[in-house]
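Student: What follows is the residue order along each chain.
Protein chains: 2
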Amino acid sequence: MRLSRYFLPILKETPKEAEIVSHRLMLRAGMIRQQAAGLYSWLPLGKRVLDKVSRVIREEQDRSGAIEMLMPTIQSADLWRESGRYDDYGKEMLRIEDRHERDLLFGPTNEEMITDIFRSYVRSYKDLPLNLYHIQWKFRDEVRPRFGVMRSREFLMKDAYSFDIDYESSKTAYDRMFVAYLRTFERMGLKAIPMRADTGPIGGKLSHEFIILASTGESEVFCHRDYLDMAAPGEGVDFTDAAALADIVNTWTTPYAATEEMHDEAAWNAVPEGERVAARGIEVGHIFHFGTKYSEPMKAYVTGPDGKDVPVFMGSYGIGPSRLIAAIIEASHDENGIIWPKGVAPFDVGLINMKPGDAECDVVCERLYAELQAAGQDVLYDDQDTRAGAKFATMDLIGLPVQIIVGPRGAKAGEVELKLRAGGERETLPVGDVLRRLSA
Amino acid sequence: MRLSRYFLPILKETPKEAEIVSHRLMLRAGMIRQQAAGLYSWLPLGKRVLDKVSRVIREEQDRSGAIEMLMPTIQSADLWRESGRYDDYGKEMLRIEDRHERDLLFGPTNEEMITDIFRSYVRSYKDLPLNLYHIQWKFRDEVRPRFGVMRSREFLMKDAYSFDIDYESSKTAYDRMFVAYLRTFERMGLKAIPMRADTGPIGGKLSHEFIILASTGESEVFCHRDYLDMAAPGEGVDFTDAAALADIVNTWTTPYAATEEMHDEAAWNAVPEGERVAARGIEVGHIFHFGTKYSEPMKAYVTGPDGKDVPVFMGSYGIGPSRLIAAIIEASHDENGIIWPKGVAPFDVGLINMKPGDAECDVVCERLYAELQAAGQDVLYDDQDTRAGAKFATMDLIGLPVQIIVGPRGAKAGEVELKLRAGGERETLPVGDVLRRLSA
Numbered sequence: 026m027r028l029s030r031y032f033l034p035i036l037k038e039t040p041k042e043a044e045i046v047s048h049r050l051m052l053r054a055g056m057i058r059q060q061a062a063g064l065y066s067w068l069p070l071g072k073r074v075l076d077k078v079s080r081v082i083r084e085e086q087d088r089s090g091a092i093e094m095l096m097p098t099i100q101s102a103d104l105w106r107e108s109g110r111y112d113d114y115g116k117e118m119l120r121i122e123d124r125h126e127r128d129l130l131f132g133p134t135n136e137e138m139i140t141d142i143f144r145s146y147v148r149s150y151k152d153l154p155l156n157l158y159h160i161q162w163k164f165r166d167e168v169r170p171r172f173g174v175m176r177s178r179e180f181l182m183k184d185a186y187s188f189d190i191d192y193e194s195s196k197t198a199y200d201r202m203f204v205a206y207l208r209t210f211e212r213m214g215l216k217a218i219p220m221r222a223d224t225g226p227i228g229g230k231l232s233h234e235f236i237i238l239a240s241t242g243e244s245e246v247f248c249h250r251d252y253l254d255m256a257a258p259g260e261g262v263d264f265t266d267a268a269a270l271a272d273i274v275n276t277w278t279t280p281y282a283a284t285e286e287m288h289d290e291a292a293w294n295a296v297p298e299g300e301r302v303a304a305r306g307i308e309v310g311h312i313f314h315f316g317t318k319y320s321e322p323m324k325a326y327v328t329g330p331d332g333k334d335v336p337v338f339m340g341s342y343g344i345g346p347s348r349l350i351a352a353i354i355e356a357s358h359d360e361n362g363i364i365w366p367k368g369v370a371p372f373d374v375g376l377i378n379m380k381p382g383d384a385e386c387d388v389v390c391e392r393l394y395a396e397l398q399a400a401g402q403d404v405l406y407d408d409q410d411t412r413a414g415a416k417f418a419t420m421d422l423i424g425l426p427v428q429i430i431v432g433p434r435g436a437k438a439g440e441v442e443l444k445l446r447a448g449g450e451r452e453t454l455p456v457g458d459v460l461r462r463l464s465a
Numbered sequence: 026m027r028l029s030r031y032f033l034p035i036l037k038e039t040p041k042e043a044e045i046v047s048h049r050l051m052l053r054a055g056m057i058r059q060q061a062a063g064l065y066s067w068l069p070l071g072k073r074v075l076d077k078v079s080r081v082i083r084e085e086q087d088r089s090g091a092i093e094m095l096m097p098t099i100q101s102a103d104l105w106r107e108s109g110r111y112d113d114y115g116k117e118m119l120r121i122e123d124r125h126e127r128d129l130l131f132g133p134t135n136e137e138m139i140t141d142i143f144r145s146y147v148r149s150y151k152d153l154p155l156n157l158y159h160i161q162w163k164f165r166d167e168v169r170p171r172f173g174v175m176r177s178r179e180f181l182m183k184d185a186y187s188f189d190i191d192y193e194s195s196k197t198a199y200d201r202m203f204v205a206y207l208r209t210f211e212r213m214g215l216k217a218i219p220m221r222a223d224t225g226p227i228g229g230k231l232s233h234e235f236i237i238l239a240s241t242g243e244s245e246v247f248c249h250r251d252y253l254d255m256a257a258p259g260e261g262v263d264f265t266d267a268a269a270l271a272d273i274v275n276t277w278t279t280p281y282a283a284t285e286e287m288h289d290e291a292a293w294n295a296v297p298e299g300e301r302v303a304a305r306g307i308e309v310g311h312i313f314h315f316g317t318k319y320s321e322p323m324k325a326y327v328t329g330p331d332g333k334d335v336p337v338f339m340g341s342y343g344i345g346p347s348r349l350i351a352a353i354i355e356a357s358h359d360e361n362g363i364i365w366p367k368g369v370a371p372f373d374v375g376l377i378n379m380k381p382g383d384a385e386c387d388v389v390c391e392r393l394y395a396e397l398q399a400a401g402q403d404v405l406y407d408d409q410d411t412r413a414g415a416k417f418a419t420m421d422l423i424g425l426p427v428q429i430i431v432g433p434r435g436a437k438a439g440e441v442e443l444k445l446r447a448g449g450e451r452e453t454l455p456v457g458d459v460l461r462r463l464s465a
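One line per chain: the protein sequences are A and B, in this order. FYI, in this note's numbering the residues of the first sequence are 26 to 465. FYI, in this note's numbering the residues of the second sequence are 26 to 465.
Possibly wrong hints are sitting among the right ones.
Same chains, same label: a pair holds when it works inside one copy or across any pair of copies.
Claimed, not checked - Each computed DMTMM-like pair below joins lysine to aspartate or glutamate, with the alpha-carbon atoms no more than 25 Å apart: (1) Lys72 <-> Asp152; (2) Lys151 <-> Glu452; (3) Lys72 <-> Glu193; (4) Lys151 <-> Asp383; (5) Lys367 <-> Glu42; (6) Lys333 <-> Asp410; (7) Lys380 <-> Glu245; (8) Lys151 <-> Glu360; (9) Lys72 <-> Asp87; (10) Lys151 <-> Glu391; (11) Lys37 <-> Asp421; (12) Lys41 <-> Asp251; (13) Lys163 <-> Asp76; (14) Lys324 <-> Asp334; (15) Lys367 <-> Asp87; (16) Lys324 <-> Asp113; (17) Lys324 <-> Glu38; (18) Lys216 <-> Asp263; (19) Lys380 <-> Asp152; (20) Lys216 <-> Asp128; (21) Lys163 <-> Glu126; (22) Lys196 <-> Asp403; (23) Lys380 <-> Glu117; (24) Lys216 <-> Glu360; (25) Lys444 <-> Asp373; (26) Lys72 <-> Glu450; (27) Lys367 <-> Glu260; (28) Lys151 <-> Asp410.
Quick caveat, the hints were computed from the structure, so don't treat them as lab data.
Just need the whole structure built from these sequences, with the hints factored in.
Tutor: Following this line, the structure appears as structure tokens:
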């Protein structure tokens, strides 16, 4: 993409209304714009990150065997009356009346609807296990939306729903998502720690929140230092091997880790003092095992191998891509701006032409722009006639992993400068070596 | 994807509520499920088509220079009061009150919001032309939703908005989208005819609907027979060449073509009788040039090269991917089911194992499944132990372009059968030739 033809409205001033760094940086970098309280537009740069984050989530859901579909944002209130949650849910649910005075709502989550879909089609244990997910906009009418997309009212959520014939296989479904989440967050450069968590309005007894430690976190969390050094399972993990999944989950749940609501002082005191990490945390994922909480009242029954009908065992599994982006920035930035982890950067490379109009600069830039794109790299090419300081500041602010700087002297000598955004390392190299260097 | 692990709830009965063939076939093929009046879930097969259709639209929008972003579904009523449309829009607008009793609405279109975004950031003619688009769910509270996703209440829409300094360049922006639309529909195997159309609640004087002829169309349309033989511009079209774009638009608007509202009896009678096509049509796209209708009341001004501030000239350009899928099916099906055009099929190939468990069938199928996927083909592998008749009926119903049938006798001889869904042609060929045959 040529910057001269892109829409990247960088703000020079730091917006006063933004209380946390991710909100400030997303506004300054032209990623988002507030349309009303808790309602955001994703400007082109932000939309690209949203797509990249969603892609990683999707790849790991698919790898684990979950199947993508898409439910509507608007739901009928009748479904929620069946589960008993319509009255329970409170004012966070956006309730709507249509022209025929029928009660609708903007879905805050989809347990009821997916249970309804399941019961319409599935009758036999032979069609299980099943895990269906979608990535769709949700709405929760927060009394005080704040922190930008970290706590907005309309937000994107990936929610998956598992269906199994009994407790044991549904626990395996839970483990499968647990492991998929470890991989998902690691691919985004995040250290997410699974912590025993309260189940709130979703229900059930078993639940983990995946938490990133950050000073701007919304709640206090407690965990063993060991988590900081644990590595997520690799690509080769076998999602059909229940025992292997249980082992991984066991490893990741043995050291102490709990959110404030689930904090257990006695267990905490048993952790050696030097190993205790008490910090603030941001929730980036939340998984629930709630068994038959919805299938019983909504009569989602399947016939087992013994011919008997049983309510299906369920779990649900959420990640919010929009809030996740804010969390990534909280975890990865410096005083100059955002530092995108490789897998979710809006562009892979920022190509800076220091002197557009200079014949040699233009030739080198056009060549690199074409070569890098042909090699599958997403390139943002700054072809604008602006000051050097503004060019560098913009590139640092938007945080692309690699910058390639083409100045007239270097171009004449057939050389460019390469800068890594994360550590600031710089090197000068021949134009012909750039492609090899970046694919290394 | 292995069918045994997929969620493809085929209906054996033809659903009684479905009045048109696309609705019937989408329900039977397990693509969609109605959740409430005019609200549909997209089941996994349907979601795949939605993604493929959206991808084609996105590629052609990007090619034309439009830039993708994403606006929220929920909008503030205040914006619509600024333009004067809040009261005009009528009962089709889903009006919502939040917990603080602020007036919101589920966006039926985004002229106001995009104008608001534009005026917040853009001040100078130097940042023009600009075309921003998004693909987002919209809601129109139809008094009588029907025909499945053809006329649903919640529906997906790609809407693009162009901004230009004067009438002439905004007409070029209009031409650019006009040409992008011709290409988009052609890539989906559709013959879409641009017809002068009424502008309705969007406003402006210049507008075209892109119409597919189909007996189940919602309205009567009139056009010259010449349109049926015209070919859309190729990949090489230069979207920066205003004169070339105007030429194409001229060619495509010279023969008579009009919707019922814009029909002109005198002009129609001037068309030689043998050249007249009066038929029913389905609208698949609608483009509008409305100049300063929104920029004036909403004060979206830019400074021109002469230093004077002028209201920006705008147009908007819509395609509904969800309704488009129904239209494609109306145009492409037979008595056995859907016939997907290549670019939008949910899978490229259906691989049918006639006898799972037979060692030779399994080996051949696993080999082809791996090879085809490695070659970038999306494969649905029917590995289920079901009757031959059911297997064939399902594959024909879901309409994948190519079927590869692996039976025990053929597998032993190293041969498979290849069937093209569209024409029903069959050929037997060696296993080793399949890949070459499909990439030919």
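Student: Return the numbers of the hints above that this structure violates; sort them in rising order.
Tutor: Violated hints (numbers, rising): 2, 3, 5, 7, 8, 12, 20, 22, 23 and 26; every other hint is consistent with the structure.
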